[in-house]
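The primary structure of each chain is shown beneath.
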Amino acid sequence: MNRITRMMMGIALLVCVSANALRAQDKCLSCHEATVGGQPVEMFKHDIHHAKGISCAGCHGGDSKTEEMDQAMNAKAGYIGVPKGDEISKACANCHANAAKMKSFGSNLPTNQFQNLQESVHGKLATNGKERIVQCTTCHNAHGIVAVRNASSPVFPLNIVKTCTKCHADAAFMRMYNPSLPVDQLDKYRTSVHGIRNAKGDAKVAQCASCHGSHDIRNAKDTKSKVYATNVPSTCAHCHSNAEYMKEYKIPTDQFDKFSKSVHGVALLTKHDLGAPACNSCHGNHAATPPGISSVSKVCGTCHALNADLFSASPHKKAFDDRKLPECETCHSNHEIIVATNKLLGVTSEAVCSRCHSEAQNAKGYAAAKAMRSLIDSLENNEKKASELVNEAEQKGMEISEAKYKLRDAHQARLESRTMVHAFNEGRFREVASKGLVVSATVSAEATDALDEYVFRRIGLGLATLAITILAISLYVYIRRIERRQAKGVQ
Amino acid sequence: MKTLWSKTYHWINERVELDGLVEFMGKKYVPVNSHSIWYYFGGVSLFLFIIQVVTGILLLLYYKGGEALAFESIQFIMSKVQFGWLIRSIHSWTANLFILTALIHMFSVYFGKAYRKPREITWVTGMLMFFLAMGFGFSGYLLPWNELAFFATKVGTDIAGAVPVVGKPMMVFLRGGEEVTGATLSRFIGFHVAVLPGLFTVLLGIHLLLVQRQGMSEPLSYEEESPKERKTMPFFPNFLLRDMLLWLIVLNLLAILAVFFPWELGKKADLFASAPAGIKPEWYFLFMFQTLKYIPGKVFVFDGEVLGIMTFGLGGLLWLLVPFWDRKSSRGERNRFINYIGLFIVLYIIILTIVGWIL
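These protein sequence lines are chains A and B, in that order.
Numbered as in my numbering, the first sequence ends at 502 without a single skipped number.
Numbered as in my numbering, the second sequence ends at 366 without a single skipped number.
Rather than coming from a laboratory, the hints here were simulated on the basis of the structure.
Computed from a predicted structure; not experimentally measured.
Backbone N, C-alpha and C fix where the C-beta goes; we use that ideal spot for every residue, glycine too.
Please note: incorrect hints may appear among the correct ones.
[Said to hold, decoys possible] Here are some chain B residues pointing at chain A (derived, C-beta under 7 Å): (1) Met85; (2) Ser86; (3) Leu248; (4) Leu252; (5) Leu255; (6) Asn259; (7) Val266; (8) Pro269; (9) Gly273.
[Unchecked claim] Straight-line alpha carbon distances no greater than 25 Å define the calculated PhoX-like cross-link-like pairs of lysine-lysine that follow: (10) B/Lys300 with B/Lys161; (11) A/Lys415 with B/Lys71; (12) A/Lys415 with B/Lys300; (13) A/Lys407 with B/Lys275; (14) B/Lys300 with B/Lys287.
Let the sequences and hints guide you as you build the complete structure.
Structure follows, in structure tokens:
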């Protein structure tokens with residue numbers, strides 16, 4: 012046992028001895044127990060504050076060392092009675108916001124809870140306009156407060172959902188503050204993987220505070236909220252990327268890394284595009300669970316509606332279901348979805364079609380994939396060529412805005428054809444692609460005409476300049492001749 | 008051919024007595040001296056004005072007024088109408104060259120003291136035409152209804168609105184309301200193709216008549232020479248042919264500018280969009296615009312912008328009335344003070360225009 016350990020034990024012993032001594036001096040408790048009794052007294056006996064030697068006077072004021080009621084419960088001695096409204100939280104903050112005091116009780120709890128609570132969505136004024144919506148006691152109770160680690164605490168992981176839903180499942184109460192906020196979070200939560208495990212007694216799984224925070228809960232639309240769209244992935248990753256923490260659940264912990272590199276992750280986390288999906292967009296939030304194989308296209312289809320509809324009506328739907336292949340995910344992956352390029356389509360080694368379709372085993376699908384790839388490549392090349400011609404004409408100062416406008420149609424046709432891939436029908440794909448090819452050809456022709464016109468203008472200018480120069484020289488010679496004649500006449 | 012020409016001349020002469028005019032033209036002489044080059048700028052300005060009239064009429068055949076059609080009609084002229092691009096570019100370039108040559112013409116007249124008695128009315132009509140030319144530029148700039156034109160008009164009419172007492176009603180009159188809208192465009196078309204050309208033509212008629220009647224002004228130094236040393240050339244055909252030679256060169260220059268630097272159309276005006284960065288007026292308004300930017304918000308008790316506008320207004324008025332207060336030149340005496348003022352103004356305009364262009 013080294014010196015520091017001995018010193019720590021000494022301090023702990025001192026705190027215990029002092030606490031016992033202080034408890035013995037708490038005349039409030041002994042008197043109330045003997046005279047009034049009741050629930051508050053009984054509960055306070057198990058309160059962590061009582062254990063730490065803090066008397067009733069710690070919150071209610073007064074003198075806890077005297078048995079004389081007039082002296083003990085005297086305003087001059089600081090007695091305030093039962094604190095009301097914001098006075099409750101302020102009474103807690105007297106110690107809990109004071110690092111030195113907390114240290115004197117041997118506590119290493121953070122001392123910013125009160126400040127966080129004031130800044131949180133719960134720290135806003137209540138409907139009566141006199142106090143904040145939530146006080147410390149709303150969640151922690153008043154008498155009988157125990158440590159969060161204690162299974163009987165209302166904020167213990169297994170109890171917290173009930174504590175939060177005291178208000179959040181009360182439609183009449185919630186309507187007063189946020190009528191659009193659902194009140195079925197608990198029902199949803201109980202269907203989620205987190206909720207099911209929580210109900211079975213797993214205190215490690217996510218509950219309300221894991222995602223929303225505790226004292227610092229903010230509106231989900233607040234950029235500082237842990238559940239603001241761009242913060243959701245890192246909030247989930249707090250547990251799901253922790254290999255040690257997730258060890259017993261035997262699921263991968265690389266989702267966040269993969270998501271960050273994906274087209275969705277880059278859009279959300281790098282470009283801050285709030286339209287891009289976060290974890291909860293596909294897995295749900297309160298009812299978070301991985302989507303089932305057969306519902307993947309529906310989940311992706313909440314944003315990619317056309318693609319999902321086309322897929323559901325395509326021959327691939329049945330084929331995927333029969334083989335228990337997760338629809339969109341089979342070709343596009345799940346967390347690490349990269350930008351879909353033409354390379355995904357066709358029969359090359361990079362193409363996803365070739366994983367199932369080969370010339371020998373599935374000639375029809377193989378031929379369709381090959382033809383579709385060829386068409387989409389042509390579409391892209393022709394659009395690029397048309398765009399280059401338009402740019403060149405524009406740079407040369409030609410008025411080409413109409414062709415430039417039409418170029419949008421070519422681009423649109425290419426986008427439509429990319430969507431139409433999901434119908435897995437060569438005929439329908441060709442129909443859409445042909446539209447784009449026709450537009451690209453028209454734009455290219457117009458841009459080429461503009462470039463020809465550019466050359467024509469220069470040739471025209473050359474000829475006009477030649478004609479004007481000849482005329483100017485002739486005029487000059489004529490003037491000289493007149494002037495010579497006039498000079499001779501004068502002489 | 009000669010018989011046909013003679014017959015035609017005879018036919019007209021019988022009716023309007025052309026002989027008198029031809030005799031007058033034949034006896035008209037232009038002084039030849041070291042400053043003769045400046046005499047040509049009046050003619051070039053006239054030529055450019057004629058080009059403006061011709062190209063303007065051609066553009067009117069296809070131009071459609073109105074918020075919804077103006078931009079598109081210019082787009083149509085530029086891309087679909089045969090040689091529409093050429094006509095529009097020449098019209099735009101000529102507008103700028105016209106202001107430039109008129110400016111040079113004005114300063115050459117000023118420094119040559121050509122405004123002195125008996126040519127005060129010629130100077131005043133010339134100056135009024137110059138103001139109208141700026142009005143042509145300002146009103147014509149809006150007609151394509153593009154982004155730059157829209158905001159330049161907004162800024163320009165805002166400045167007009169800052170003039171004390173008459174500013175606000177004048178701004179509302181120019182805009183056809185409180186804001187620059189389609190109503191402003193309709194008004195500007197009216198000013199550009201009817202009101203201004205009408206006034207300009209009357210002034211131009213008086214101006215040319217006076218020039219022909221009074222002849223070219225001779226510099227004071229020329230008058231000091233002995234009659235034997237004074238050189239002249241006949242106005243017809245010598246000066247007129249030289250004028251035409253210069254016109255041909257200017258025409259070629261315009262064609263080169265139109266082909267190599269076609270006038271851009273830009274983006275269509277959007278009434279709800281915010282002004283693009285670095286919005287500037289046409290170059291000939293730039294020195295005034297830049298000056299207003301430099302004047303502090305408050306100068307003593309006066310509003311800086313109002314003070315600037317009033318100073319330019321007063322300056323313009325004094326410039327217009329120079330023949331009436333420069334009595335020395337009218338008496339045939341040298342007046343260096345006038346030269347210094349002119350030199351200061353030229354340098355001021357050049358420097359502020361360059362600064363405004365760069366910044």
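Taking the hints in turn, this is what the structure says about them:
{"no.": "1", "hint": "Met85", "verdict": "holds, 4 Å"}
{"no.": "2", "hint": "Ser86", "verdict": "holds, 4 Å"}
{"no.": "3", "hint": "Leu248", "verdict": "holds, 5 Å"}
{"no.": "4", "hint": "Leu252", "verdict": "holds, 5 Å"}
{"no.": "5", "hint": "Leu255", "verdict": "holds, 5 Å"}
{"no.": "6", "hint": "Asn259", "verdict": "holds, 5 Å"}
{"no.": "7", "hint": "Val266", "verdict": "holds, 4 Å"}
{"no.": "8", "hint": "Pro269", "verdict": "holds, 5 Å"}
{"no.": "9", "hint": "Gly273", "verdict": "violated, 11 Å"}
{"no.": "10", "hint": "B/Lys300 with B/Lys161", "verdict": "holds, 16 Å"}
{"no.": "11", "hint": "A/Lys415 with B/Lys71", "verdict": "holds, 23 Å"}
{"no.": "12", "hint": "A/Lys415 with B/Lys300", "verdict": "violated, 38 Å"}
{"no.": "13", "hint": "A/Lys407 with B/Lys275", "verdict": "holds, 20 Å"}
{"no.": "14", "hint": "B/Lys300 with B/Lys287", "verdict": "holds, 12 Å"}
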